[in-house]
Structures are given as structure tokens and as C-alpha cells.
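Kindly generate the complete structure, drawing on both the sequences and the hints.
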Amino acid sequence: MKYKFLYIFFISHILYSQQFRNITNISDLNEVVGNNGVAVADYDNDGDLDIFIVSARSQDGEEYWSRLFENTNNGNFIDITESSGINQNLNHDIDLINYDEDGNFSFDTIEHGDRLAASWGDFNNDGYPDLFLGNAVQSELYKNNGNGTFSNITETAGFETYCEKCYIAGVLWLDYDLDGYLDIFLSDYNQISPNKLYKNLGNETFQLIDLSETIENANSFSALPIYANDDMYPDIYVANDFDQFNQLLINQDGNGFTEMAQEYGVEDPFDGMGLTTCDFNND
Numbered sequence: 551m552k553y554k555f556l557y558i559f560f561i562s563h564i565l566y567s568q569q570f571r572n573i574t575n576i577s578d579l580n581e582v583v584g585n586n587g588v589a590v591a592d593y594d595n596d597g598d599l600d601i602f603i604v605s606a607r608s609q610d611g612e613e614y615w616s617r618l619f620e621n622t623n624n625g626n627f628i629d630i631t632e633s634s635g636i637n638q639n640l641n642h643d644i645d646l647i648n649y650d651e652d653g654n655f656s657f658d659t660i661e662h663g664d665r666l667a668a669s670w671g672d673f674n675n676d677g678y679p680d681l682f683l684g685n686a687v688q689s690e691l692y693k694n695n696g697n698g699t700f701s702n703i704t705e706t707a708g709f710e711t712y713c714e715k716c717y718i719a720g721v722l723w724l725d726y727d728l729d730g731y732l733d734i735f736l737s738d739y740n741q742i743s744p745n746k747l748y749k750n751l752g753n754e755t756f757q758l759i760d761l762s763e764t765i766e767n768a769n770s771f772s773a774l775p776i777y778a779n780d781d782m783y784p785d786i787y788v789a790n791d792f793d794q795f796n797q798l799l800i801n802q803d804g805n806g807f808t809e810m811a812q813e814y815g816v817e818d819p820f821d822g823m824g825l826t827t828c829d830f831n832n833d
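My numbering numbers the first residue of the sequence shown as 551 and each following residue consecutively.
Source of the hints: derived by calculation from the structure; they are not laboratory data. These figures come from a predicted structure and were not determined experimentally. Built from N, CA and C at the ideal position, the CB exists for glycine as well. Please note that the accuracy of each hint is not assured.
Stated by the list, open to error - Each pair of labels, with its calculated beta carbon distance range:
(1) V590 x D676: 15 to 21 Å
(2) T699 x I759: 27 to 33 Å
(3) V590 x T706: 22 to 28 Å
In C-alpha cells, the structure reads:
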């Protein structure tokens, strides 16, 4: 009888834990509109998760900014963007080139104010997550100072401060060479601008790794790390839009990558954008 009781108890607990309640209005997050993404982390190490929301752009004469919301641990969030030092006042244009399945292309003029992606990663192993922002033309790396503020170290860290053709739609932190430091892979949505891999040198600087012999340019939207061959080195799967083949970059023991999507049967030219993984067959 005890076993039956415990079984019923655990089932009821699981069912209860799967229910959700919409608290957007009471959490002060309902004022944020026109967004491109979200990144969640405990940026201040106080034990609860904070939220960074990526605002797409300013439009119709209204100024919209990406925002950092601090979790107050009582069901509310407060906007601390201004005091944090994160500033995305961006004003340039970019010609985005789109290719269709027949090889034809078209141009779209995109404002530099387009803000596309955000991702947290503790690149210097100080225990505080840092923030990389993927944008059109000028992406940014913000170092977490550990006191509630951030410093823009994009230039000193070795990233381009102005890339006229760049349209960074995806940001992926991963330690591809297993040296204990997070490296970063940037998915570029502009066909004429390549995806980029930056190696973390361990001294708060990064080195751009040439992938031109590994991966063809595409309208790449996002990427995620997977372990395709169980060799302990993370591989990278890239989702490409406009009926272009997705790409699987197989890690060569931390010494670069080889594109092998066809060999693994995962090319999938289906207007790829978002990605996720799961063990769907529990093996």
C-alpha cells in the first residue's frame, strides 16, 4: 500500500509541476514589444534568473531599446538597462542579400539598428556571465564587471567594431577546443558575409579562425552545439534559410572543423531558422 501511495504522490507532483501561469502583467514585462530574442542568466549571481530582451529596432518614430531586467525574487523584474552600461544606439544601413533555390538573389536594405540575438557566456571564468549581442553591422561584447554593470570590450577583445556586410542572427558560446575557455560562433544571415568562429585566447581577447575552406556562405540563422560522433569535442549544426542546405561542422579534435551534413544525412534544405535537440527515442 505504501508503494501505491508513493506512486500516486509522485504522479500528482509531476502533473502539478507541468502547469504554468501567465504572470507577464504582474512581472512588469508586458511593456516590451517588437522583440527579436531573449537570453536568460543569473547575471548578478544572486540565485535567480534575470532576462535580457533583444529589441528588433526603433521604428515609426519611436525609440525601442534592448533591455536588461533584473529578477527581484518576488515575482517582479525591474529594468536596469540604463544603470548597467549596456547601450545599443546603432544607426547604419546594410544591404542584405537573399538567395532563392534557383540561385537568384534580391536586396533588402536593413537598418544598422536591427538587433538580432543575445547570448550569455562566462568567457573569462570569473563566475559572472558576460553578454554577446548579435546585430547588423556592429555586434558587441559586454564584459560583466561583477557589480551590476557591464563594459563594452568589443574592440579590445578582438571583434570587429564595424562590419558593413555582417548581419549576426545567431550567437553560440562553446569550448570547441576544450581548453577551458568559451569560444564563440556567429551565424551570419547575410549571404555575402561568412559565419565566424572566434577562439578565446584566455586573456580576454579572441582570435578569428578562418573557416573559408570549411563552410560555404549562406543565410545562416542559428547554430547549436551537438555531439555527433561521441568524441568529446562539440560539433556545430547550422540552420540556413531560403532552401539552402543546413550545415554540420564536425570538430577535428579542436583543430578546426569539416562540413559533413550530407554524410550524416542532415542537410535538410527547409528554410531553417530555429534549432533544438533532444533524445527522442531515449537511447
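Inset, instruction - Go through the numbered hints given earlier and state which of them the structure violates, listing their numbers in rising order. - result: When the structure is compared with the hints, none of them turns out to be violated.
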